[in-house]
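Chain order of the listed sequences is V and E. Residue 173 in the working numbering is what sits at position 173 of the first sequence, and the numbering runs on without skipping anything. Residue 68 in the working numbering is what sits at position 68 of the second sequence, and the numbering runs on without skipping anything.
These aren't lab readings, by the way, just hints derived from the structure by calculation. Be aware that a few hints might be false.
Said to hold, decoys possible - In silico lysine-lysine, PhoX-like type, Cα no more than 20 Å apart, as pairs:
1. E:112 / E:74
2. E:124 / V:43
3. V:155 / V:112
4. E:43 / V:155
5. V:189 / E:189
6. V:124 / V:148
7. E:43 / V:74
8. E:43 / V:43
9. E:124 / E:155
Unchecked claim - If we take Cβ atoms under 8 Å as the criterion, some of the chain V residues that face chain E in the derived model are:
10. 125
11. 155
12. 156
13. 160
14. 163
15. 165
16. 194
Stated by the list, open to error - Pair ranges (Cβ atoms, derived):
17. E:115 / V:132: 20 to 28 Å
18. V:41 / E:20: 23 to 31 Å
19. V:177 / E:209: 31 to 39 Å
20. V:207 / E:64: 33 to 41 Å
21. E:140 / V:210: 33 to 41 Å
22. E:65 / V:22: 42 to 50 Å
23. E:111 / V:197: 30 to 38 Å
24. E:140 / V:136: 39 to 47 Å
25. V:197 / E:67: 48 to 56 Å
26. E:18 / V:54: 30 to 38 Å
27. E:40 / V:26: 46 to 54 Å
28. E:26 / V:26: 31 to 39 Å
29. V:63 / E:136: 31 to 39 Å
30. E:136 / V:171: 34 to 42 Å
In this text, all values refer to a predicted model and were calculated from it rather than measured experimentally. Heads up, the beta-carbon is just placed ideally off N, CA and C, and yes, glycines get one too.
There are 2 protein chains.
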Amino acid sequence: MATPAAHLIPSRSAKRANYEPETINAILDEALYCTISYSSENKPYSIPTAFVRYEDRIYIHGSVGSHLMRELEKGIPVCISVTLMDALVIAKSAFHHSVNYRSVVIFAQAEKVEDMASKIEAFKWLTNKIVPGSWDYLRPIQENEVRKTTALAFKIDEASAKIRTGMPVDDDEDLNLPIWTGLIPLQTKRMPPIPDKLSEGMPLPSHLVHI
Amino acid sequence: MATPAAHLIPSRSAKRANYEPETINAILDEALYCTISYSSENKPYSIPTAFVRYEDRIYIHGSVGSHLMRELEKGIPVCISVTLMDALVIAKSAFHHSVNYRSVVIFAQAEKVEDMASKIEAFKWLTNKIVPGSWDYLRPIQENEVRKTTALAFKIDEASAKIRTGMPVDDDEDLNLPIWTGLIPLQTKRMPPIPDKLSEGMPLPSHLVHI
Chain V
1 MATPAAHLIP
11 SRSAKRANYE
21 PETINAILDE
31 ALYCTISYSS
41 ENKPYSIPTA
51 FVRYEDRIYI
61 HGSVGSHLMR
71 ELEKGIPVCI
81 SVTLMDALVI
91 AKSAFHHSVN
101 YRSVVIFAQA
111 EKVEDMASKI
121 EAFKWLTNKI
131 VPGSWDYLRP
141 IQENEVRKTT
151 ALAFKIDEAS
161 AKIRTGMPVD
171 DDEDLNLPIW
181 TGLIPLQTKR
191 MPPIPDKLSE
201 GMPLPSHLVH
211 I
Chain E
1 MATPAAHLIP
11 SRSAKRANYE
21 PETINAILDE
31 ALYCTISYSS
41 ENKPYSIPTA
51 FVRYEDRIYI
61 HGSVGSHLMR
71 ELEKGIPVCI
81 SVTLMDALVI
91 AKSAFHHSVN
101 YRSVVIFAQA
111 EKVEDMASKI
121 EAFKWLTNKI
131 VPGSWDYLRP
141 IQENEVRKTT
151 ALAFKIDEAS
161 AKIRTGMPVD
171 DDEDLNLPIW
181 TGLIPLQTKR
191 MPPIPDKLSE
201 GMPLPSHLVH
211 I
């Protein structure tokens with residue numbers, strides 16, 4: 001959730017829908033989780049879950065026995081929502097306060113990933129997204145672990161991003177008021193790794209070294 | 001999204017539903033936004049939005065003309081989801097990787113906040129949540145701004161929290177593998193405020209001074 005050079009952004013606000021795959025993919029690739037919603041008897045249900053994008057699909061996983069996986073694998077309509085918060089936007093009035101954010105909404109239906117090799121690929125992408133470079137370092141995945149886990153794919157077809165950037169936009173008649181305006185950037189960071197008891201004194205593998 | 005003394009947490013993992021109001025409220029009060037889902041013709045829709053909890057209700061706001069506000073104020077069933085990510089949980093196998101998180105799901109229906117004074121109260125709570133101590137500093141809210149904004153309340157009645165804490169839980173037969181295990185804490189921080197052109201050189205008001 002970086003806020004690259006927020007102060008370099010022109011002070012006109014922009015808040016608009018965007019349908020470009022590069023924009024949508026960049027948001028999806030930065031987010032660690034999505035919120036998946038589905039309807040059952042016209043009642044909505046939402047659940048946060050880890051995900052990875054690969055090419056034009058999103059992949060999630062879960063226990064074969066989980067209620068969510070069993071509902072979604074039926075192919076019912078799903079709404080996938082991803083939000084990155086970049087800054088609080090501080091205006092002269094409460095009314096013009098806002099938030100700089102990047103969000104994506106995707107409407108899709110699950111396709112179940114059935115064959116072993118494709119499932120393992122999806123788990124590899126997911127693992128390497130959450131902890132880059134880790135898959136080859138870990139104890140290799142076992143067949144029974146793959147069998148116990150459902151992998152679902154969602155084609156990124158009906159998707160849009162919404163982005164607000166820039167400074168607050170106040171009413172003209174407020175501009176001379178001696179009230180501070182600007183941004184409070186928000187940043188989500190990975191902190192230095194904390195070993196558990198088994199790993200105390202063990203050197204960190206290179207892919208986990210905190211820079 | 002603090003990770004208070006993650007290394008002090010016992011290395012047994014815990015992942016369970018929790019229905020205690022104090023637990024649920026603490027998560028709601030720390031989160032800057034929620035994801036609201038609703039169904040229309042059995043299709044799910046999700047939208048992230050700022051919110052504040054006050055006593056046993058959640059409040060959101062939006063333009064009187066917004067499609068979301070007009071749908072929700074009908075009193076249809078809504079699912080409100082809030083997620084805080086605390087740490088990535090690094091195990092010896094991909095299968096046992098996990099995430100330490102705190103999430104809340106609420107099922108509710110909107111009650112429209114109708115009278116002027118109650119709406120202003122809700123906007124004050126919301127503003128002071130996002131930027132503590134700011135309401136009294138800002139240009140006072142105007143009647144037409146209140147009229148242009150819908151405020152909706154949701155009673156926190158049917159709500160549950162889900163929390164995972166602690167270290168990875170690996171298979172017994174993997175415990176001796178020379179693979180690093182532990183946590184990568186995640187932290188969301190407010191960074192030092194960035195003034196816009198109008199506020200360059202203006203001293204920061206005390207409630208915005210970054211500590």
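List of violated hint numbers, smallest to largest: 2, 10, 11, 12, 13, 14, 15, 17, 19, 20, 21, 22, 23, 24, 27, 29, 30
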